[in-house]
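So the protein lines, in turn, are chains E and C.
Be aware that the first sequence starts at 1, since it is given in our numbering, and climbs by one per residue.
Be aware that the second sequence starts at 1, since it is given in our numbering, and climbs by one per residue.
If you are wondering where the hints come from, they were derived from the structure by calculation, not from laboratory data.
Values in this document were obtained by computation on a predicted structure and should not be read as measured data.
Glycine included, C-beta positions come from ideal geometry on N, C-alpha and C.
A couple of the hints might just be wrong.
Unchecked claim - The following residues of chain C were derived to be distant from chain E, with all beta-carbon distances above 12 Å: (1) Glu35; (2) Gln63; (3) Asn67; (4) Thr76; (5) Asp78; (6) Leu79; (7) Glu81; (8) Glu96; (9) Ala155; (10) Gly185; (11) Leu187; (12) Leu192; (13) Leu207; (14) Gln209; (15) His226.
As the list claims (entries may be wrong) - In silico DSBU-like cross-links for lysine-lysine, where the CA-CA straight-line distance does not exceed 35 Å: (16) C/Lys132 <-> C/Lys61; (17) C/Lys200 <-> C/Lys61; (18) C/Lys75 <-> E/Lys285; (19) E/Lys285 <-> C/Lys61; (20) C/Lys69 <-> C/Lys189; (21) C/Lys189 <-> C/Lys75; (22) E/Lys285 <-> C/Lys109; (23) C/Lys12 <-> C/Lys132; (24) C/Lys123 <-> C/Lys109.
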Amino acid sequence: MPSVAELSQSLVNGVGIGLIYGLIAIGFSVIYNASGIVNFAQGVFVMLGGMFAHTLLTSYGIPIWLSAIISTVLVAAVGVLVQIFVINPMWRRNAPLFAIILATLAVQLLIEQVIILTLGDRPRTYPEFTAGGPLKIGTVAIPYQFFWVLGVGALLVFALTQFFNRTRMGRALRACAQNREAAALLGIPVERMLIVAFALSAGLGAVAGILITPTQYTAYLIGTPFGINGFIAAIIGGFGSPVAGLVGGVLLGVIQSEAIVFFGAGFRNIISLTVLLVVLMYFPKGLFGGLEKKA
Amino acid sequence: MSADTTHLIAVKDLAASYGHIEALRPTSLHVAPGEFVTILGPNGAGKTTLLRAITRLIPSKGQITFNGKDVSGLKTHDLAELGIIMVMEGRGLFGEMSVRENLQLGAYKLSGSPADMNRRLDKVFTLFPRLKERIDQMSSSMSGGEQQMLAVGRALMAEPKLLILDEPSLGLAPRVATEILSTLGALNKEGLGILLVEQKAPLALKLAQRVYILSSGSVRAELPTHEIKSHHDLARYYFS
């Protein structure tokens with residue numbers, strides 16, 4: 001039986017990684033809600049966020065805060081390019097959704113190959129945003145980067161909630177999610193809204209990647225595991241709102257972390273995938289019922 | 001086709017297909033400024049297809065001019081910006097949004113001041129006072145009649161030049177349907193051009209000035225409503 005200290009430490013670790021999953025889950029939700037598309041290239045935006053930030057920091061000597069901003073903008077631009085050159089042509093030809101979803105998978109593989117050719121396959125990392133640490137509370141060590149993840153995650157969820165509920169564009173995105181034809185009939189440019197969704201989603205992925213790189217590493221292949229975990233988090237929380245995505249992510253992170261403590265590292269994915277199956281069987285709309293809209 | 005400024009909207013040889021099935025054969029119609037036109041026809045006649053083709057929700061062939069300008073190549077949202085607003089069959093409400101949010105989205109293209117938004121809201125509330133009572137209620141939780149009022153009210157928020165409606169009385173109690181259609185009649189008297197697809201023929205014929213009879217995907221007749229005296233007349237046109 002693990003000690004209280006071990007459980008507490010794993011809880012902190014789980015919340016930290018869970019917040020990252022949550023940000024990725026929100027990215028999945030934003031595109032899914034605006035279009036019905038599950039963007040399997042979501043994980044690659046996480047990878048790009050860390051890779052770009054690292055390159056700007058180490059190759060060009062740009063401070064980390066500025067590297068983070070530029071990286072987020074660049075990855076958002078990649079998201080826009082994916083929408084314009086891959087998704088939109090298929091969308092206009094009324095391609096089946098599964099074909100578009102497969103195309104996003106191809107985009108992920110393509111971008112990974114481009115990164116190997118241009119930036120190499122070497123894993124890379126950079127220092128935590130705040131030097132020093134960790135903060136010790138009893139036997140529990142909390143890295144300073146955890147507070148950055150927590151703070152940025154909370155801030156982004158707050159900002160996104162305000163955006164979706166209080167701005168004209170946010171409401172228009174929600175309208176597209178609920179009834180694209182009715183939205184278009186009111187003058188909302190649905191295709192442009194989809195571009196906004198991809199930019200937003202890619203930017204969120206980039207932020208997740210930038211935040212997690214100091215505590216782990218980034219490399220061309222991290223997109224897939226982060227993408228899968230973000231997708232599971234989105235299913236657990238439901239695709240309904242930013243808060244649902246973030247809570248889904250934290251739940252998944254904590255479950256994985258505690259699974260390691262209780263059963264060993266080998267059981268991490270077995271437990272989380274079992275949880276996914278249980279959620280799909282008994283809460284097919286997610287714990288917060290977000291998928292209801294699409295049903 | 002030369003610029004046609006006598007018609008608010010003119011549709012010429014509009015045709016649409018679903019795969020290999022020709023749902024709408026080349027069809028022409030027009031609505032004059034301030035005119036109330038209704039389209040009648042049996043189920044499967046192509047009425048909804050016609051409206052969806054006009055508003056570019058489905059691809060179509062043919063020409064559409066609006067206020068004399070060729071708008072055939074425009075997208076649905078561009079047509080809305082010009083003032084062609086449709087209340088779709090099934091209402092098309094954003095069910096997870098409140099009445100207020102639905103109405104605000106109706107004025108999506110509005111770049112004016114909050115005062116302008118409030119003026120539009122007040123006008124809608126004058127027509128449908130129940131919407132004001134339900135302002136913060138989720139639209140999905142309202143009755144069918146209230147939802148239809150919201151759908152029409154939302155369309156009016158855009159201050160359309162041409163209001164297109166696809167069976168607004170579908171599934172409503174007769175009293176509520178009459179109330180909504182009468183409101184449309186009042187709006188038309190204020191100068192709003194209306195193109196209405198409606199199953200409740202007697203009510204539609206009472207309000208409209210002109211009628212198109214659609215059957216098997218093409219227009220069978222176009223005539224002033226006063227020339228239709230009975231159901232028998234309609235049936236004759238439907239199946240002629």
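Point to revise | Index of numbered hints that the structure contradicts, given in increasing order | key: Hints 4, 5, 6, 7, 8, 9, 16, 19 and 23 are the ones this structure does not satisfy, whereas the remaining hints hold.
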